[in-house]
Amino acid sequence: MAHNPQREDYQRLGLRFARELDQGDPAAATRAFASFGRRFAQNRDALPQSDADRAFHLVVLASEVVDYQLPFATDEQAPGLIQRGKDLLDEALSLDPSCHDAVRMRSSSQTPSIDERYRFLLERVDDVRASCEQAREEAGAELDGERRALAQDIAMRPYWRWMASLAEEALICGRNLAAADAAERLLAADPRDTSDARFTLSYALAKLEDERGLAELERRYAEISPLRGPDDAWILLAHLALAHKRCDFRGARAQLRRIVELYPGAVGTLVRQSELPDGEFARLRVAPYSEDELVLAVSEGVVLLQEGNDRSGRGVLGSWVAREAALLDPAAAREAASAAQPEEAQR
Amino acid sequence: MNAWEELVERCARRRCEKIGPLSDEAYAELVLAVRADPEAFVDTEQERAALVIARALDAYRASCRDDELLDDAAYEAERARRMAALRAECVRALEVDGRSLDAGLLQLLSSDLEPDPLLAGLLSLERDHARDELPEGDAWDDVFYRPHLRLRAAVARVCLDGARYRMAESAATSVMDAAPSDPLGARHTLVLACARLEDEAGFDAACARFSRQESAWSHLARTLLLYKLDRMSAARRALRGYAELCAGGAYALLRPTYVETYLPDRQDAAPCSFEECLLAVCEAEPIIADVPDFIPWCQEQEWLVEGARRFAQGRDLDW
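Quick mapping for you: the protein sequence lines, in order, are chains A and B.
Here my numbering is used: position 192 in the first sequence is 192, and no number is missing along the way.
Here my numbering is used: position 188 in the second sequence is 188, and no number is missing along the way.
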C-alpha cells in the first residue's frame, strides 16, 4: 500500500476545504470544490489551511528532496540537497512543533548512531501515539461519514510511520524481537497495513528463524493485505533465507525462481545487492512487482544476506543468492557485475 | 583432541577384548604398557590410521610454534604449507582405513572451505558414517564413538559460522544429549546461538544444565542477548561480569585476534581465561557483526576500555 506524501497533503487540504465549504451554500460549494484540484496545484498557499497542514506540506517537500532526489544526485549536489531537506524540516517544526513526521525525519541526522535513533524513536513512541489518538478523536467529533473516516485515518498516519521506522531501525540494530514486536503493534493499530509493516516483520521472523511465525504471517495476508497475496519480494526472500538456513537448497532455489519470475531485471538486482538508504518519510513508493520494488527488498534484506563468515564479504546467503541467480541468467549477471565494478572502484 | 591418548585407549580396549575380561587393575597396567610404546600395540587398520593422524597432528602443532616470528606473508605461506601437509597425511590415513572418521573430518577442516561447502562436506561425512545407536551412558566414554561427537560439534560450530542458528542449536544440543559431560564444549556453541536468536529461555536452560558454570562464552552470550533484548542496564551488568570474571576479556573483545582453525576441536583453555576469551570472541564474531552498535556501545564504557588498556600494559600487548 505504502504512504504517499503528495496524496496525503492533497487529502488534508481537501478535507479542510470541504469543511469550510459546508458552512456556505451547497451549490456554490459544489462549484468551489470543482476548482479545488486546480487551486491545490497552482495556488496552494491561498487554500485554507492550519499551521499543521503547512508543516506537513514542508515535510512532503523534504521527502521529495531527501527520498526521491538525493539517491540520484551527484556528489556535488548531495550536500545542498541534504541541507535543503534539513531546512524544510526545521521550518516545518517551527510552524508545528508536534509535527511527528518532521521530528522523526530530522532525528535521523541528529542521532549519531542507529542505536541512538532506535532509542529516540522508542522513547517517544507512546507520546506520538497519544498525540495522534487525540487528533483522531478531535477529527471524529468534528466530522461524520467518509470524511470522518479519512480524517481519523490521516490523524493516525504519523504514528504508523513512526512505528514502521521503529521496526526497521530495530531490525538494523540486530534487535529482531523488538522489530517483530513493533511491526505487530503497528499491524494491530492499522490492520490494513498502510505502512507494509508485514515486510519488515517477515525479515524479523527470518532473522529469528521463526518458521512457524512466518507461516502464520503468510496465512494472515488474507486479512492484512487482501488485494496482494504473500508473494512480495520480502516474504519470498524471508522464505528463501529460512530454506537456506535449514540447508533446504532445493526449497531456496524454488523461492529464488519465483522472485526471478515475478520481478523484471531480478537477476541483476540479486547479483548487485545494492544497499540504499531507507526512505526517511516512509518506505519509498514503488510499483508492486517492479524492478525498483525488488531493489528495495534486497536493500532492506542485507540484514539476512550479509550474515555469516563468508570470505567474500557478501555474507553466506548473499554469496549463495548471487551465485544461484547468475546460474539462471549468466548474461544478465555478467552485465550486473561489470556495471558494479566502476562503482566499487569509485569507493 | 588428544590423539595419542585415544590411540592408547583404542589399542588397550582391543587387546582387552581379545585376551578376555581384565580386572580394573590389570586393565590399568595394560594401558600403562600401551602408553609407554603405543606403536608396538598398533595392529588393525583403524589403529594404523589413528597412528598416522596422531603423528600428523603432532607435526602440525609443532609447526605452529614459531608463527609469532613470521610476518603476514611468511605466515600465510607457512600456514598453507602445513595445512597441505596435514591434508596429505589425512589422505594417507584414509588409504590405510577408508572409514577413518577423524581423517575425513580433519581433511575437511584443513581445506579452508567457505561455510556452505564445509557444512555440506561435514553433513555428507556424517551420512556416510551414520550409526543407528548411541553407546550407552555418556557417549564420550566410548573412545570409538568420539569421532562422531567431534564431527557433530564441528557441524554445530560451522552452522554458527554460516548463520544457521537453529541448526547450530540442534546440533550442539544433540552433542550434549549424547555426551552430557560435554568435553567438546558444545554448550558454548549453544549459548551463542541462543543469544543470536534472542532465545532467553533457551539460554537459561543451557546455563542451568551445566549448574551455571560460567565461561567466556556464557558471559559474552549473556551480554549480547541482553543487549539485543534492549535490557541495557542488565546488559551493562553482564558486560561487567564478562570483563571482571574473564581475565583479559575486555581486551579480547576490543582487540579481536585471529584464532587458528580448530583441528579438529577447540584447544584447551582454562574457564574464563584470556585464551578462552580469544576463542569466544572469535566464535561470536558473526553475531557481534550482526549487532552493528554493540562494539561502539562497549567502547563507551570507560571502565571496560580502561580494563583492556591495563591488561594490555600488564601483558605487553599492543594498545
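Check before you lean on any hint, since a few could be wrong.
Rough simulated footprint, nothing fancy, chain A against chain B, three-plus residues with beta-carbon under 8 Å [unchecked claim]:
| # | segment |
| --- | --- |
| 1 | 113-119 |
| 2 | 172-180 |
| 3 | 222-230 |
| 4 | 239-247 |
Don't read these hints as lab results, they were simulated from the structure.
Where a beta carbon is used, it is the ideal one built from N, C-alpha and C, also for glycine.
Cross-check of the supplied hints:
1. Coverage of a stretch by a chain is defined here by at least three residues with a beta carbon nearer than 8 Å to that chain's beta carbons; for the segment 113-119 of chain B and chain A the count is 4, and the condition holds.
2. For the segment 172-180 of chain B, the stated coverage by chain A is not satisfied: 0 residues place a CB nearer than 8 Å to a CB of that chain, which falls below the threshold of 3.
3. For a cut-off of 8 Å, the count of residues in the segment 222-230 of chain B with a CB near a CB of chain A stands at 3, and the three-residue condition holds.
4. By the rule of at least three residues with a Cβ nearer than 8 Å to a Cβ of chain A, the coverage given for the segment 239-247 of chain B is violated, with 0 such residues.
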